[in-house]
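Let chain A serve as the given structure and place chains B, C and D on it in line with the hints.
Spelled out from the first residue to the last, the chains are:
There are 4 protein chains.
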Amino acid sequence: MSEGNKAVKLWGGRFTGKTDPIMEKFNSSLSYDKTMWKEDIFGSQQYAQALQRCGILTQEEADIIVGGLEKVKEEWANGTFIIQEGDEDIHTANERRLTEIIGKVGGKLHTGRSRNDQVVTDVRLWLRQAINGLRGDLANIIFTAADKAERFNHILQAGYTHLQPAQVVRYSHWLMSYIVPLLRDLERLTQVRQRVNICPLGSGALAGHPFGLDRKGLAANLGFDDISLNSLDATSDRDFIVETMNWASLLMVHLSQFAEDLIITNLQQGVKMADAYCTGSSLMPQKKNPDALELLRGKTGRVIGNATGFLCTLKGLPRAYNKDLQEDKEPLFDTISTVKDCLLITLGIISTMEPVEEKLKLRLVPEMLATDIAEYLVRKGVPFRETHHIAGDYLH
Amino acid sequence: MSEGNKAVKLWGGRFTGKTDPIMEKFNSSLSYDKTMWKEDIFGSQQYAQALQRCGILTQEEADIIVGGLEKVKEEWANGTFIIQEGDEDIHTANERRLTEIIGKVGGKLHTGRSRNDQVVTDVRLWLRQAINGLRGDLANIIFTAADKAERFNHILQAGYTHLQPAQVVRYSHWLMSYIVPLLRDLERLTQVRQRVNICPLGSGALAGHPFGLDRKGLAANLGFDDISLNSLDATSDRDFIVETMNWASLLMVHLSQFAEDLIITNLQQGVKMADAYCTGSSLMPQKKNPDALELLRGKTGRVIGNATGFLCTLKGLPRAYNKDLQEDKEPLFDTISTVKDCLLITLGIISTMEPVEEKLKLRLVPEMLATDIAEYLVRKGVPFRETHHIAGDYLH
Amino acid sequence: MSEGNKAVKLWGGRFTGKTDPIMEKFNSSLSYDKTMWKEDIFGSQQYAQALQRCGILTQEEADIIVGGLEKVKEEWANGTFIIQEGDEDIHTANERRLTEIIGKVGGKLHTGRSRNDQVVTDVRLWLRQAINGLRGDLANIIFTAADKAERFNHILQAGYTHLQPAQVVRYSHWLMSYIVPLLRDLERLTQVRQRVNICPLGSGALAGHPFGLDRKGLAANLGFDDISLNSLDATSDRDFIVETMNWASLLMVHLSQFAEDLIITNLQQGVKMADAYCTGSSLMPQKKNPDALELLRGKTGRVIGNATGFLCTLKGLPRAYNKDLQEDKEPLFDTISTVKDCLLITLGIISTMEPVEEKLKLRLVPEMLATDIAEYLVRKGVPFRETHHIAGDYLH
Amino acid sequence: MSEGNKAVKLWGGRFTGKTDPIMEKFNSSLSYDKTMWKEDIFGSQQYAQALQRCGILTQEEADIIVGGLEKVKEEWANGTFIIQEGDEDIHTANERRLTEIIGKVGGKLHTGRSRNDQVVTDVRLWLRQAINGLRGDLANIIFTAADKAERFNHILQAGYTHLQPAQVVRYSHWLMSYIVPLLRDLERLTQVRQRVNICPLGSGALAGHPFGLDRKGLAANLGFDDISLNSLDATSDRDFIVETMNWASLLMVHLSQFAEDLIITNLQQGVKMADAYCTGSSLMPQKKNPDALELLRGKTGRVIGNATGFLCTLKGLPRAYNKDLQEDKEPLFDTISTVKDCLLITLGIISTMEPVEEKLKLRLVPEMLATDIAEYLVRKGVPFRETHHIAGDYLH
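Chains as they are written, first to last, in the numbering used here: chain A, 1024 to 1419; chain B, 1024 to 1419; chain C, 1024 to 1419; chain D, 1024 to 1419.
Warning: the hint list may mix true and false statements.
Identical chains share a label here; the pair holds if one copy fits it or two copies do between them.
[Unchecked claim] Derived BS3-like pairs: lysine-lysine, alpha-carbon spacing no greater than 25 Å straight-line:
(1) K1311 with K1061
(2) K1363 with K1352
(3) K1311 with K1352
(4) K1382 with K1352
Hints are computed from structural coordinates only; laboratory data are not their basis.
The shape of chain A in the complex, shown without the other chains (with noise of 0.2 Å):
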């Protein structure tokens, strides 16, 4: 790259004319991609290691390449890394410090790797830890419920179907019917994660990797389970995207479903939440609103829009890269951000709710036990369907 004039594009080698300014804004990802700056340096010096071992790079110039490379992460840990014009995305950005800091050899490190392998590696990276620690997230909310239910094991509850009393249940029969969703979300995320953790990196811009690299090494030393099949596919699939926002969507309804209750039943004063997840009114001082809980049910249609916009961005999509995949990384940024706090508003909620026996006990009313009426009735002897209209009329 030459100097005086950092801000020369990568792809430098042939145009003339002038970007338009908010093209330059329209095109450029740095702002939010930089997210992934620790990945993108990862996945680069275990790429020079490949390349040294497939001969491309002596292992003298492997060693200054991956030792730069450690150079520009102390600088992005550190908080020193400068950005320049011209760094559109976290790729070029960190390229082009490399080459500032150890010069020509830089030049050798994108050899065989197009940004098209190069970004998808970088994400599936960066969400296999997110999904380490969103797995993490889900576990402690489980055990800390099934620890509550246990608590107030004892405590009986009104049960509604159709939003009206039904039957008696305990209270922990309740709380945990909120948790085996979340147990189905886990399960769910680890089938999500085994086809996240897949090596994409040597499908090069669309066609493969001309020199002999080895892949299976190279995915094994990238911490990945296995390697892409089909380069054509590998630098334009966003299946484990679409999987984990599918996935993020059916979670947030899950929590969605819980704050539903909780509001209702909260505002029937059954169960008692923490100050910490409550705000008050800035004209009506009495109040104190559930926030926590709205933005909970309130956030699932962010999470759902993220979702369903990207399946809208794929359709109709020809092989292979194509810009609109760029489009790939805000909505999971912004789904795995929301869900993560959401997550752990919840846990904070489950870890501090406690129920009100003496006003749940209020809502136990003889109505409810129409159906214990009827099953006496079964066990006499009466066909069901019969026993349900003398409970009827012996009820009203």
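Quick look at chains B, C and D alone, frame taken from chain A:
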């Protein structure tokens, strides 16, 4: 059920008011849930036997019920089942008919069961079967495409990124790039099936079964892999439907991408489509329109819409059953039917289409060797970033 | 059309290959587009007369065609129209039947017309009529609710924010808060209708009409307000369908909010619902479930899904007609039918529901006067922000 | 507000418990709603004067408040406004700062106002301004395209249906087929603006204004066309946001279709795109990728996702304000910003792109005259349906 008034609702123990006729239509689901007539009868037969095993029915009663249901089944199979006014869903219809055939003892079948656990059992049985079929369809496509890829493995074509010719790839490489996603779809569907094949029967309306039903035995007899864990969750859980529809959305995205690519390739006459999958124009006789491909692409929106809409329906629903959940079946049935047709069409297209080698060759332009030139220079020791500029200059 | 083979496709001039039977089903739209039989015939009758006016048909030919179409119309009206194999859509079916009735001259009707402009003319005529009906339904609800609001104007109830009682409001104020959005919906629908009622006929397949058709006269005879401006756009424009479905999504959101509020109010027995809009439970005789309200709420997802899905279908379709556009009718018809039912149900609910004053009073708790205390203090000159703290202390 | 504790919440009259730090983040909206700093101050200034006119503030107090707000405004304009911990939204931040500047009298500003009516007033003011800008952008595109159409009116090209060449059309006809939808978008946006420009201020938290505020005068001073009709509705109504986002979805669909068509045309080199809207490839120097077009197409999903997600958030929310509504701003702001950029890029593309006559001519193949042959035969008296067969035979 009183004679002379076969239309009395099963829940008729209380109401005296008249139902709004539009409400009848609004509330009724028989027009679409009759699809599950076989599963409803199978579920009831097994349920009757389980009731016998826990002492609620005598062996004789159970035999009468199972035999009566067998007759109802024959009527459906022969097309002689007559729907009556008041048959608001398949469960009501079957039980009404059963009681007509075997009399009062039919009223014992529903003991301890609710439509809430009955309906979701039926849907799971139905969907399990449908998924088995879809897995076969996917496997057919995969094997057929693999054969075609092998047969045409020698043919070269332009590989594209950004719909610009980029590098030379094999036709087989391109074709298989659309099959690898289907392999993932198959893997995902197998995982979804695990969560479909869970038995909720025995959960009652919301609070479980009061008569000591052997749920594990019943589940095994129904071919389920396991039982559901929490009755409040089991009667309101529609995760397995969301998962199936999310799965279908991603599958359809894959088919839409294949369709788009083929429409563009076909437009340029690189691939010959069988007449069976094209139609003509009523105004322009020279046209041969790839209607099948356009419908594959167009139906993607429909399937995504079904999934998104149902997620929205589920948002914020509290425990346990709410009538909103009735909205699960139409989008699910439509999705399964659409996906089924689309897979069969895809299979037909792949079975019959052929690459036109001489047309594909026309697009193998010299500029596509730029990457090869760059790679040649790399082998001579030039840093990749410089080769890029050199190759760019060389070709212009 | 050759005798003895009524199933020959209208575009049969070229193909020799057989069509895949699944493809027939996939391609056919008659099962749902026959809904527009009346509009299709009306459009063709007017088109024949327009062809006569520009000299393509003689008066006698035009009369024969119009008369023949009148007979086809009677068959549909009487239920005697017999669908034949090969009638792939309503346009094909009507023209096939016309030619059977009047012979060879029927083949002149389609001159200068394409299914591309014909179908979208039919849909616009059909939708215009449907919108007229929906406007009447909305007006009915608005007037009925206004009457009810006046009648129950003296009743007070708790006004909520965050589902917490906040301040005292009138029942009428609450009820009308759900009617004001419907006023906006009515205004919006009127504006949508303007863009629905535009005539695309005369646009041909894509390139316009070659025989000097008087498009303005034809549009006026069809009751359209104006003609479309660009034939490439006119044959592929589905904005009016998107607008209608987006309109419906927002309307349904309003109904879902009304339903939710009423389910919660009803749960607390502040409002009495007519039995006609509730159903009982098959297991719990004491239950009176607000099924109508839950379906209003649940069907919101369906209508949103239809709109979202179709936007996704339209994304990235190039000019002009593509078969993907066939996917417009099913979601549109389903949306209109769903919305129609939901409005009628809403009208029934509002017509019959009554506030229960003594129950509503129970919720008028002293804490709800906090705002009034604060306002009293403001009138005494205390800065509002301080009154807030004082009132908060006072009430606890 | 007590000195030494600037972080006390405005609704601090009741709570003693600590807030979860994640909850602070979850609850805070300042990071995005500060975009509306100008509108928030303008709204407050006019509100202070309205309070003076109804006797709640003296003239002197009103002047002090207006003047103090002017200083806050200058700080934002100069970039010197310092955000404090505890500034959870733009309203809190501005009022906190105002009170620091003018002291205790600042606490009178919020009299009779709630954040519920304040926030939605701010959003409406902000959106009105944004819509004004978008209308200008649309007009710019329309006029620019009309000029281009006139300039290149002589150029002929293939018109397509089903991506198959169909009939000859003018380049200008093709270009304007993408502009006519924008005319509709402009008409729709003008109608949306009518419903955006309604004043909700004076609705309080939910129950209206207690001090005889002149709402019509206040609305006029804020430039609104009218006042809202029902305070419960006014504080929870987000129709205008849904309408704007639905509007944007359809606009983006239009841009996606234009982009797709151009990508395919550009691929075939019929239209020359300015370098400013393309980028190169890091691996393949010969490529000139239409990134701008792909982003126009790709961002369509994002905008559709925003709209769909927010509809889902609104589904089933009861009266009146619920915190879920906080989820309105991020998708709205993102949609407006995305649409703004996309319109500017579209303007740039249309301004600079040029048809390549000799390339476009290459696609004018004889088969495209089939319709003309058929029309010739029609003029000779052959029924159209027969001409179709004749022309089909003739050309093959």
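Checklist entry - Of the numbered hints stated previously, which ones are contradicted by the structure, given in increasing order? => result 1 and 4
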